[in-house]
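Student: We have chain A; now place chain B onto it with these hints.
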Amino acid sequence: MRDESLITPPILFTTIIAQSDIWYLTLIQRRDTLLKKAAIEGACMTASALDFAPLDKILDEFKGRKDAVIPILQRAQDIYGYLPKEILQAISKKAGIPLSRLYGVATFYAQFHLKRRGRHLIKVCDGTACHVRGAPKIVDGLEEALNLAPGNSDPDYKYSLEIVYCLGSCGLAPIATVDDKVYGQTETQHLVDALRQLE
Amino acid sequence: MPELKNVADLARLHATTQQAREARRTACPTIYVGTGTCGLAAGAGEVAQAIRQELSARQIEAEVLGVGCIGMCVKEPLVDIQLPGRPRVTYANVKPDMIPRLIEEHLMNGQIIPKWAMGQLPADGAPPETQVGEPGLPSYAELPFYRKQVRIALKNCGMINPESIDEYIAADGYQALGKALSGMSPDEVVDEMKESGLRGRGGAGFLTGIKWEFCRRARGTPKYVICNADEGDPGAFMDRSVLEGDPHSVIEGMTIAAYAIGAQEGYIYCRAEYPLAIARLKKAIAQAHVHGLLGENILGSGFSFELHIKEGAGAFVCGEETALIASIEGKRGEPRPRPPFPAVSGLWGKPSNVNNVKSYGMTPQIILNGADWFSRIGTSGSPGTAVFALTGKIKNTGLIEVPMGITLREIIYDVGGGTPRNKHFKAVQTGGPLGGCLPASALDTPVDFDSLTEADATMGSGGMIVVDQDTCMVEFAKYFLTFASAESCGKCVPCRIGGQRMLETLTCISEGRGTPEDLDGIEYISRNMKEGSLCALGQLTPGPVMSSLRFFRQEYEAHIQDEFCPAGVCKGLFSYEIIEANCPGCGLCLKACPDGAISGEKKKPHVIDHLKCIQCGECYRVCNLGAIEVIPLKKKEIPA
Numbered sequence: 001m002r003d004e005s006l007i008t009p010p011i012l013f014t015t016i017i018a019q020s021d022i023w024y025l026t027l028i029q030r031r032d033t034l035l036k037k038a039a040i041e042g043a044c045m046t047a048s049a050l051d052f053a054p055l056d057k058i059l060d061e062f063k064g065r066k067d068a069v070i071p072i073l074q075r076a077q078d079i080y081g082y083l084p085k086e087i088l089q090a091i092s093k094k095a096g097i098p099l100s101r102l103y104g105v106a107t108f109y110a111q112f113h114l115k116r117r118g119r120h121l122i123k124v125c126d127g128t129a130c131h132v133r134g135a136p137k138i139v140d141g142l143e144e145a146l147n148l149a150p151g152n153s154d155p156d157y158k159y160s161l162e163i164v165y166c167l168g169s170c171g172l173a174p175i176a177t178v179d180d181k182v183y184g185q186t187e188t189q190h191l192v193d194a195l196r197q198l199e
Numbered sequence: 001m002p003e004l005k006n007v008a009d010l011a012r013l014h015a016t017t018q019q020a021r022e023a024r025r026t027a028c029p030t031i032y033v034g035t036g037t038c039g040l041a042a043g044a045g046e047v048a049q050a051i052r053q054e055l056s057a058r059q060i061e062a063e064v065l066g067v068g069c070i071g072m073c074v075k076e077p078l079v080d081i082q083l084p085g086r087p088r089v090t091y092a093n094v095k096p097d098m099i100p101r102l103i104e105e106h107l108m109n110g111q112i113i114p115k116w117a118m119g120q121l122p123a124d125g126a127p128p129e130t131q132v133g134e135p136g137l138p139s140y141a142e143l144p145f146y147r148k149q150v151r152i153a154l155k156n157c158g159m160i161n162p163e164s165i166d167e168y169i170a171a172d173g174y175q176a177l178g179k180a181l182s183g184m185s186p187d188e189v190v191d192e193m194k195e196s197g198l199r200g201r202g203g204a205g206f207l208t209g210i211k212w213e214f215c216r217r218a219r220g221t222p223k224y225v226i227c228n229a230d231e232g233d234p235g236a237f238m239d240r241s242v243l244e245g246d247p248h249s250v251i252e253g254m255t256i257a258a259y260a261i262g263a264q265e266g267y268i269y270c271r272a273e274y275p276l277a278i279a280r281l282k283k284a285i286a287q288a289h290v291h292g293l294l295g296e297n298i299l300g301s302g303f304s305f306e307l308h309i310k311e312g313a314g315a316f317v318c319g320e321e322t323a324l325i326a327s328i329e330g331k332r333g334e335p336r337p338r339p340p341f342p343a344v345s346g347l348w349g350k351p352s353n354v355n356n357v358k359s360y361g362m363t364p365q366i367i368l369n370g371a372d373w374f375s376r377i378g379t380s381g382s383p384g385t386a387v388f389a390l391t392g393k394i395k396n397t398g399l400i401e402v403p404m405g406i407t408l409r410e411i412i413y414d415v416g417g418g419t420p421r422n423k424h425f426k427a428v429q430t431g432g433p434l435g436g437c438l439p440a441s442a443l444d445t446p447v448d449f450d451s452l453t454e455a456d457a458t459m460g461s462g463g464m465i466v467v468d469q470d471t472c473m474v475e476f477a478k479y480f481l482t483f484a485s486a487e488s489c490g491k492c493v494p495c496r497i498g499g500q501r502m503l504e505t506l507t508c509i510s511e512g513r514g515t516p517e518d519l520d521g522i523e524y525i526s527r528n529m530k531e532g533s534l535c536a537l538g539q540l541t542p543g544p545v546m547s548s549l550r551f552f553r554q555e556y557e558a559h560i561q562d563e564f565c566p567a568g569v570c571k572g573l574f575s576y577e578i579i580e581a582n583c584p585g586c587g588l589c590l591k592a593c594p595d596g597a598i599s600g601e602k603k604k605p606h607v608i609d610h611l612k613c614i615q616c617g618e619c620y621r622v623c624n625l626g627a628i629e630v631i632p633l634k635k636k637e638i639p640a
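As given, the protein sequences belong to chains A and B, one line each in that order. Letter by letter, the first sequence follows residues 1 to 199 of the numbering used here. Letter by letter, the second sequence follows residues 1 to 640 of the numbering used here.
With the rest of the complex left out, here is chain A (with noise of 0.2 Å):
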């Protein structure tokens, strides 16, 4: 969307037209005023596949809490999946929080993600009852049948694997869950079968 000539004046024209205060500064602004509206635009294309409505709904009700930060961004994510950086500059802009002090929040809490995620999840436990029964085997094993590596998503976004710490079942280790399935002394197969059986 960026048009570099709007960017920088032609250099003829500037030297041209320099000696005039007057028109170097028209043209600066009217060369401001194109850069606006192509930001806009622009912002309006990529966001234009997301519906802002429910973001408006989740801000009203947490309107004028002081520690809100947390649920906006959790109920955030659940709607859109992840949290994108036009929710994100949303947020910001209508509950009057800076944005720097989102951003802070959504990269210091392992829930939050900044990186769209698949419709899938799938999540294999490495907490230390998972890791002595072989919670490194499954993960190499699904890296290798999925060909992904942990924290990323295919290029269909139909799954993504991570590795989590401790889902609190420990007395099955190891464990993995798909979506909300919970899957207790798993093993790669299984997995891979219940990720066959998906869509």
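Worth flagging that the hints you see were computed from the coordinates, not collected in a lab. All residues carry an ideal CB built from backbone N, CA and C; glycine is no exception. Any given hint could turn out to be false.
One-sided and incomplete, this derived list gives chain A residues near chain B with beta-carbon spacing under 7 Å [what the hints assert, rightly or not]:
#1 67
#2 105
#3 110
#4 182
Tutor: Coordinates of chain B only, in the frame set by chain A:
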């Protein structure tokens, strides 16, 4: 149920709920299904559905109750059947296809199926002596897993339906609150807690009563009561089980604490990874509101208390109280220097009392039964019981509650049943990623706050992970460091950089690139982290490394000097060899090998081709006869 206006109302409800319970016990067959997270993961949901289907198909009237975790995770899904006037009989590892037979033989004909039954326990509210037991079936008190347990925090877990406030009240729930509000001044409550000697069950072991007193005396209003349910330790699930199995006990404990310190508002900070615990807490809070046990003017005492739930967002450091408070305030969960302690300046700068789930969970019973009763259990320095999540390479994984002072050996061998598959016990890790690893020689250490600290481990909040000969202590220490350094919030330098540097050194050692000086380097960094870090996360991060270095130094030295991993874990530092004398040629390993590196005729010793072997360890895992051993890498056989 109408709102309870005073203590007399509560007493009446107590009597009514007990009558209802008694009526059920004597008149109606009841089926209990363990539906905690563990149980559900093992398939309890399908089992419960199968039971309901079978009951409706046969048109049998029976109550089906979902209960919390009774602790025996390894036997999940657990189903108890209780016929009118009879004890509860527990069936282990129940599958949906077992249900028709269970219902026909046990529920309809009263015939226990001994092959599947694990044990029996008295039905709710029935005194053991009045109840005729089922012959030939061990009672829970006779089962090794339960014999040495004393249940205080877990008293109701697995026994009552956690989603019913009536069942909690029938089990003497909210009686302590009634007692405190009607007959005790806040100071008397604080004194009772001080006398009980209860030490904070979150891990640090600070005296709960003293903490309450600090907060009570602190100037400033409003005051807050906070429950730390951010159970971040990997390998620990005690708090989850209490919240899922007995949420009302925590709510009651917090309400008593609030009354004692003069707070009117409380927060439960629960990790978001525990959706079931959060759901049950929400339900329990709503029920307590309806009954007037939370909210304005509780039981007509003039005391009011509101409780909120805060979901964590995944940060281990938020288990530290100042970080937890920052997180409730909606900030990055970074700790801050103490003092001032939260008791003086906590949430929103106001006096706040932060305790662990189990500390609050034990509170009602201390108030109800008295400080004397509590302090008689356990040791004089650490009264009461300790709850542990017993996991790792152990036969009976599960949740246990034992009196303080019991030895590690008793826990691991008597309760836990020892290590499975005839492997040798190597170490036990207590206190989570910030604790320590103790070797077999320390097994007779009594379990209490002071003895464990003295032995170079920590009590922690209750994770206990057993590892056997197949775990490499260098890799194990590296695992904890990876976790702790990833979870370092980055605010203070010793923790942020120290953890990272130590992890790099350990990685070198585990790859066979270590030098003898590395061990000195680790010790040097550890000392500095311990002294210089801002919070317990940084101060205790070196714990697992230091304790394993102290007790398993020879393993570190083997990695460094011989480039050999004796446990056969660190890739490239070992190879496998078949011991001819032990190999009967059964072919198990041959089938298991994914790379066709094992060959040999049937009934004759097999051999491993070291050029093809990728050291995946499958053969080692499947061999039941100990015919495969870990040996130093055969360098000669592998061309450069």
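Student: Confirm or reject each hint.
Tutor: Status of the hints after comparison with the structure:
1. 67: holds (4 Å)
2. 105: With a minimum Cβ separation of about 6 Å from chain B (threshold 7 Å), the hint on residue 105 (chain A) holds.
3. 110: holds (3 Å)
4. 182: holds (4 Å)
Checked against the numbered hints above, the structure breaks none of them.
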